[in-house]
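Kindly generate the complete structure, drawing on both the sequences and the hints.
Protein chains: 2
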Amino acid sequence: MTFDIASAVAELSSALPASILATDPDITVSYSRDMAMLASSEIPAVVVRARDTADVSTVMKIASKYGVPVHPRGAGSGLAGSSNATTDSIVLSLASMNEILEINTVDRYARLQPGVVNLDFRKALEPHGLFYPPDPSSYDWCTIGGNLSTNAGGLCCVKYGVTTDFVMGLEVVLADGEVLRTGRRTVKGVAGYDLARVFVGSEGTLGVITEATVSLKPLPQAPCTLVATFGSVYDAGEAVQKVIGASLVPSLLEIMDRTTIRAVDKMHKLGLDQNAEALLLAQSDSGGARADMEMDGLELACKEAGANEIHRTNDLEEGNMLLFARRQALPALEALKGSSLVDDVAVPRSQMANFLGGCEQIAADTDTTIGTCGHAGDGNMHPTICVDPADEDEMVRARDAFGRILDLGLSMGGTVTGEHGIGSIKIDFLAKEIGPIGLRVHRTIKNALDPQGILNPGKLFTP
Amino acid sequence: MTFDIASAVAELSSALPASILATDPDITVSYSRDMAMLASSEIPAVVVRARDTADVSTVMKIASKYGVPVHPRGAGSGLAGSSNATTDSIVLSLASMNEILEINTVDRYARLQPGVVNLDFRKALEPHGLFYPPDPSSYDWCTIGGNLSTNAGGLCCVKYGVTTDFVMGLEVVLADGEVLRTGRRTVKGVAGYDLARVFVGSEGTLGVITEATVSLKPLPQAPCTLVATFGSVYDAGEAVQKVIGASLVPSLLEIMDRTTIRAVDKMHKLGLDQNAEALLLAQSDSGGARADMEMDGLELACKEAGANEIHRTNDLEEGNMLLFARRQALPALEALKGSSLVDDVAVPRSQMANFLGGCEQIAADTDTTIGTCGHAGDGNMHPTICVDPADEDEMVRARDAFGRILDLGLSMGGTVTGEHGIGSIKIDFLAKEIGPIGLRVHRTIKNALDPQGILNPGKLFTP
Numbered sequence: 001m002t003f004d005i006a007s008a009v010a011e012l013s014s015a016l017p018a019s020i021l022a023t024d025p026d027i028t029v030s031y032s033r034d035m036a037m038l039a040s041s042e043i044p045a046v047v048v049r050a051r052d053t054a055d056v057s058t059v060m061k062i063a064s065k066y067g068v069p070v071h072p073r074g075a076g077s078g079l080a081g082s083s084n085a086t087t088d089s090i091v092l093s094l095a096s097m098n099e100i101l102e103i104n105t106v107d108r109y110a111r112l113q114p115g116v117v118n119l120d121f122r123k124a125l126e127p128h129g130l131f132y133p134p135d136p137s138s139y140d141w142c143t144i145g146g147n148l149s150t151n152a153g154g155l156c157c158v159k160y161g162v163t164t165d166f167v168m169g170l171e172v173v174l175a176d177g178e179v180l181r182t183g184r185r186t187v188k189g190v191a192g193y194d195l196a197r198v199f200v201g202s203e204g205t206l207g208v209i210t211e212a213t214v215s216l217k218p219l220p221q222a223p224c225t226l227v228a229t230f231g232s233v234y235d236a237g238e239a240v241q242k243v244i245g246a247s248l249v250p251s252l253l254e255i256m257d258r259t260t261i262r263a264v265d266k267m268h269k270l271g272l273d274q275n276a277e278a279l280l281l282a283q284s285d286s287g288g289a290r291a292d293m294e295m296d297g298l299e300l301a302c303k304e305a306g307a308n309e310i311h312r313t314n315d316l317e318e319g320n321m322l323l324f325a326r327r328q329a330l331p332a333l334e335a336l337k338g339s340s341l342v343d344d345v346a347v348p349r350s351q352m353a354n355f356l357g358g359c360e361q362i363a364a365d366t367d368t369t370i371g372t373c374g375h376a377g378d379g380n381m382h383p384t385i386c387v388d389p390a391d392e393d394e395m396v397r398a399r400d401a402f403g404r405i406l407d408l409g410l411s412m413g414g415t416v417t418g419e420h421g422i423g424s425i426k427i428d429f430l431a432k433e434i435g436p437i438g439l440r441v442h443r444t445i446k447n448a449l450d451p452q453g454i455l456n457p458g459k460l461f462t463p
Numbered sequence: 464m465t466f467d468i469a470s471a472v473a474e475l476s477s478a479l480p481a482s483i484l485a486t487d488p489d490i491t492v493s494y495s496r497d498m499a500m501l502a503s504s505e506i507p508a509v510v511v512r513a514r515d516t517a518d519v520s521t522v523m524k525i526a527s528k529y530g531v532p533v534h535p536r537g538a539g540s541g542l543a544g545s546s547n548a549t550t551d552s553i554v555l556s557l558a559s560m561n562e563i564l565e566i567n568t569v570d571r572y573a574r575l576q577p578g579v580v581n582l583d584f585r586k587a588l589e590p591h592g593l594f595y596p597p598d599p600s601s602y603d604w605c606t607i608g609g610n611l612s613t614n615a616g617g618l619c620c621v622k623y624g625v626t627t628d629f630v631m632g633l634e635v636v637l638a639d640g641e642v643l644r645t646g647r648r649t650v651k652g653v654a655g656y657d658l659a660r661v662f663v664g665s666e667g668t669l670g671v672i673t674e675a676t677v678s679l680k681p682l683p684q685a686p687c688t689l690v691a692t693f694g695s696v697y698d699a700g701e702a703v704q705k706v707i708g709a710s711l712v713p714s715l716l717e718i719m720d721r722t723t724i725r726a727v728d729k730m731h732k733l734g735l736d737q738n739a740e741a742l743l744l745a746q747s748d749s750g751g752a753r754a755d756m757e758m759d760g761l762e763l764a765c766k767e768a769g770a771n772e773i774h775r776t777n778d779l780e781e782g783n784m785l786l787f788a789r790r791q792a793l794p795a796l797e798a799l800k801g802s803s804l805v806d807d808v809a810v811p812r813s814q815m816a817n818f819l820g821g822c823e824q825i826a827a828d829t830d831t832t833i834g835t836c837g838h839a840g841d842g843n844m845h846p847t848i849c850v851d852p853a854d855e856d857e858m859v860r861a862r863d864a865f866g867r868i869l870d871l872g873l874s875m876g877g878t879v880t881g882e883h884g885i886g887s888i889k890i891d892f893l894a895k896e897i898g899p900i901g902l903r904v905h906r907t908i909k910n911a912l913d914p915q916g917i918l919n920p921g922k923l924f925t926p
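In order, the protein sequences belong to chains A and B.
Going by the numbering used here, the first sequence opens with residue 1, and the numbers climb by one from there.
Going by the numbering used here, the second sequence opens with residue 464, and the numbers climb by one from there.
Don't read these hints as lab results, they were simulated from the structure.
If you're wondering where the values come from, they're calculated on a predicted model, not measured in any experiment.
We put the CB at the ideal spot given by N, CA and C, even for glycine.
Treat the hints with care, since some could be wrong.
[To be verified] Simulated pairs of lysine to aspartate or glutamate, EDC-like, Cα-Cα distance not exceeding 20 Å:
| no. | chain 1 | residue 1 | chain 2 | residue 2 |
| --- | --- | --- | --- | --- |
| 1 | B | K680 | A | E178 |
| 2 | B | K622 | A | D165 |
| 3 | B | K895 | A | E178 |
| 4 | A | K242 | B | D570 |
| 5 | A | K242 | A | D296 |
| 6 | B | K705 | A | D296 |
| 7 | B | K622 | A | D285 |
| 8 | B | K729 | B | E740 |
| 9 | B | K524 | B | D913 |
| 10 | A | K432 | B | E641 |
| 11 | A | K123 | A | D285 |
| 12 | A | K159 | B | D748 |
| 13 | A | K217 | B | D628 |
| 14 | B | K622 | A | D107 |
| 15 | A | K159 | B | D628 |
[To be verified] Far from chain A by the CB rule (all over 10 Å, computed), these chain B residues:
| no. | residue |
| --- | --- |
| 16 | F466 |
| 17 | S503 |
| 18 | L582 |
| 19 | N614 |
| 20 | P681 |
| 21 | D759 |
| 22 | T925 |
This is the structure we're talking about:
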């Protein structure tokens, strides 16, 4: 069908109530992009705030009839431009589909809609003694739908895994508006292709997720917390190696470099050691004697790696304060110059310290300020380039640094995205990482499921 | 290209050394099928015993040139007919590609070829203090390639997960002979579609896996073992519920029903309680105080559920003997009448006891002998219908029972295969489970990656 945005908007207006449609650019602009500074965006022709699966199906049927691009979105907390819109497109907001449909305490799963906010879901599970681990830094406002689309990670991943590890089944509206239900409610199951995990992490390019069945864990014990400072990132890296080598599985193992420590302390006056080159933050949520054993192991690893200072606490308030320091890393780094380019590289854990050292070198070579924090336990680092968006020269250098960091990660056997996704900002780097045959297979699957290319075009790879 | 088996065989003979080719039916017949009694098979035109990825690529290039079906196979230990051959086809054996290419102790992964036997891999990891959990019952002879193709489970899954949970990356030869490398060596990574997990469990219908990168766990502690007998399967089911409800994660939690207990004891004279209606076997591999705590919890759960007898042991020999009893369930049931139809249903854990009760009813209704054992911790049950293959009337009733068991599983929100796969024996039931739209998406992906339909045709679904 030939592209016809005017007819598509007209048909949407007659098929759906005016209350869930917006065409006024003053409104639609706020649905046009996510938080990724490097990503471009345009104002869409129309925004639809879907109420249910039927609405989503209606949108996809009309979109495919008129060959119109559809950009699905959740809260817009993404960091790769995955939900950014183009002119003459439909933005499909799933934020209003925010019901938790079932919490099954016996078989330990929940069914929920994509618009449920991660933190709201966690809170709803708590009274049942249950826990959904993936906790991206934006967990207090990002939605489960966005988490599924980017296969989001977070701080808990080192012990519990990422979003895809919890997905049992999905309802997905396909490009032509048909509704696919795939997956299961059982712990195990191998009937047919693992379709659910194809849609997870596909950033809205293969279908629109309208419901998820996710597995749950028992609520962990109140965490014990350890913070250690080091005279070099290599010492901190050695401590992480020792933790892994000792078969310890902390529930959280985070790192902040000197720039990040200082930025956080400048913003929040937490009394962090300004002279430390690196800080490790670790928790155990095993409780009781097990937690003591794990904390002893963590302390020993830090000591043996030559930590300057080690502080342990079982006090929940203090632990939360230390965790707050880590969660404030990005805003604090942004505050240094007004904005930031957040990178997201995962390297084999053995390469973490070398990667941090490499980032310092890149900062020096490109005359930029780069603060790195990240998930030390799984090698997923977030070098954050602090920028003043108004400083054009600095922006050029920052973009250069951004790319060099990705190349550095690739050269160490890493990946250009550990948890944020490719979006529109890393298209060239995905091609580098997966190579021409990988790209061909990606396109083959995309073309098979979305032959018109209407689902979130301009993301992941070129058509 | 028009189908031309003669030209394909001729071209294979000139492209590959005679030592890795076989066309003599006396030899090729032994490559024609797996262990699934219900599955039909034919003798292939040629068997190729690939030495390396290049051989596999050569086979696929020639096969696609002449439109000839290729049936990849490992050890042939499958239970669904997934590797069964058709006349005028190529059987591609990966059994000779059996090298472990790398064991990375720091980043905890291994790279290995598909022909490596599961147990050999486990043994090779042991000196490094590392562990690859998935352990199908055939672990002493099945290959990793087969495990990947069926997304195999096993006894360890209840604590550690199934094959797909350990796959980081794959090398796959595509239908046209191109070599795809996909995945990563990092703990986390979300660059592009999760292609590796599309190939895992696809039973050779989308590509031929020639190398895998899998993540490893630290070697667990020596297990403590508990065995408990019950006066009814419902009591045993209640014990399992209590274990899950208490947030205990045993490293193994298996169930055997009365028929299975008796069959095993008849074969091996282990002194099992002949009057028990159900037996639970559980282990903890956490070691130390943690194991004691877990074992106390398991014992309490069994006691509260009304167990007749409970026996605990930290003795490794005795634990192995009890585990041997469980691992001998299938051969012992087979010995009752000469052969068996092994079913493989996973139900939500809360439904396990009802499912076992339902299987007993089906045995009565169809006048068959059905022994059920299975992975109680994850609801994956193996009702095994004991048959004398020469008794045609019994075979008719057994097939009827086989299908009724699958329907029972589906009616309880379960899946028709927890770990064995669909193969050729459950094609109709996959269609029932995933419905017409699910089937359409399966076909779409299959057609996209294998447009000629030469990769293991006759498996999973009709074209």
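For each hint, the structure was consulted:
For the suggested pair B:K680 and A:E178, the alpha carbons sit about 41 Å apart, so the restraint of at most 20 Å is broken. With a C-alpha separation of about 14 Å, the suggested pair B:K622 and A:D165 falls inside the 20 Å cut-off, and the hint holds. A distance of roughly 18 Å separates the Cα atoms of B:K895 and A:E178; the hinted pair therefore holds under the 20 Å criterion. At roughly 12 Å between alpha-carbon atoms, A:K242 and B:D570 fall within 20 Å of each other, so this suggested pair holds.
Between A:K242 and A:D296, the direct Cα distance comes to roughly 13 Å. Compliance with the 20 Å bound is thereby established for this hinted pair. Distance hint between B:K705 and A:D296 is unfulfilled; the C-alpha atoms sit about 32 Å from each other, more than 20 Å. For the given pair, B:K622 sits about 18 Å from A:D285 by alpha-carbon distance, which is consistent with the 20 Å threshold. With a C-alpha separation of about 16 Å, the suggested pair B:K729 and B:E740 falls inside the 20 Å cut-off, and the hint holds.
At roughly 12 Å between alpha-carbon atoms, B:K524 and B:D913 fall within 20 Å of each other, so this suggested pair holds. For the hint linking A:K432 to B:E641, the alpha-carbon distance of about 18 Å falls within 20 Å, and the restraint holds. Under the criterion of a C-alpha separation no larger than 20 Å, the hint pairing A:K123 with A:D285 is consistent with the structure, at around 17 Å. The hinted pair formed by A:K159 and B:D748 meets the criterion: a straight-line CA distance of about 18 Å does not exceed 20 Å.
Restraint check for A:K217 and B:D628: the C-alpha separation of about 16 Å stays at or below 20 Å, so the hint holds. Restraint check for B:K622 and A:D107: the C-alpha separation of about 15 Å stays at or below 20 Å, so the hint holds. This hinted pair checks out: A:K159 and B:D628 have alpha carbons roughly 14 Å apart, not beyond 20 Å. The Cβ of B:F466 sits about 23 Å from the closest Cβ of chain A, beyond the 10 Å cut-off, so the non-interface label holds.
Every CB of chain A lies more than 10 Å from the CB of B:S503, the least distance being 21 Å, so the non-interface label holds. Remark: the non-interface label on B:L582 is consistent with the geometry, its nearest Cβ contact in chain A lying 21 Å away (cut-off 10 Å). Listed as outside the interface, B:N614 is inconsistent with that label: its C-beta sits roughly 4 Å from the nearest C-beta of chain A, within the 10 Å cut-off. Not every Cβ of chain A is farther than 10 Å from the Cβ of B:P681; the closest lies at roughly 4 Å, contradicting the non-interface assignment.
The non-interface label for B:D759 is consistent with chain A: the shortest C-beta to C-beta separation is roughly 13 Å, beyond 10 Å. Residue-level check passed: B:T925 sits 13 Å from the nearest beta carbon of chain A, beyond 10 Å.
When each numbered hint is compared with the structure, violations occur for hints 1, 6, 19, 20.
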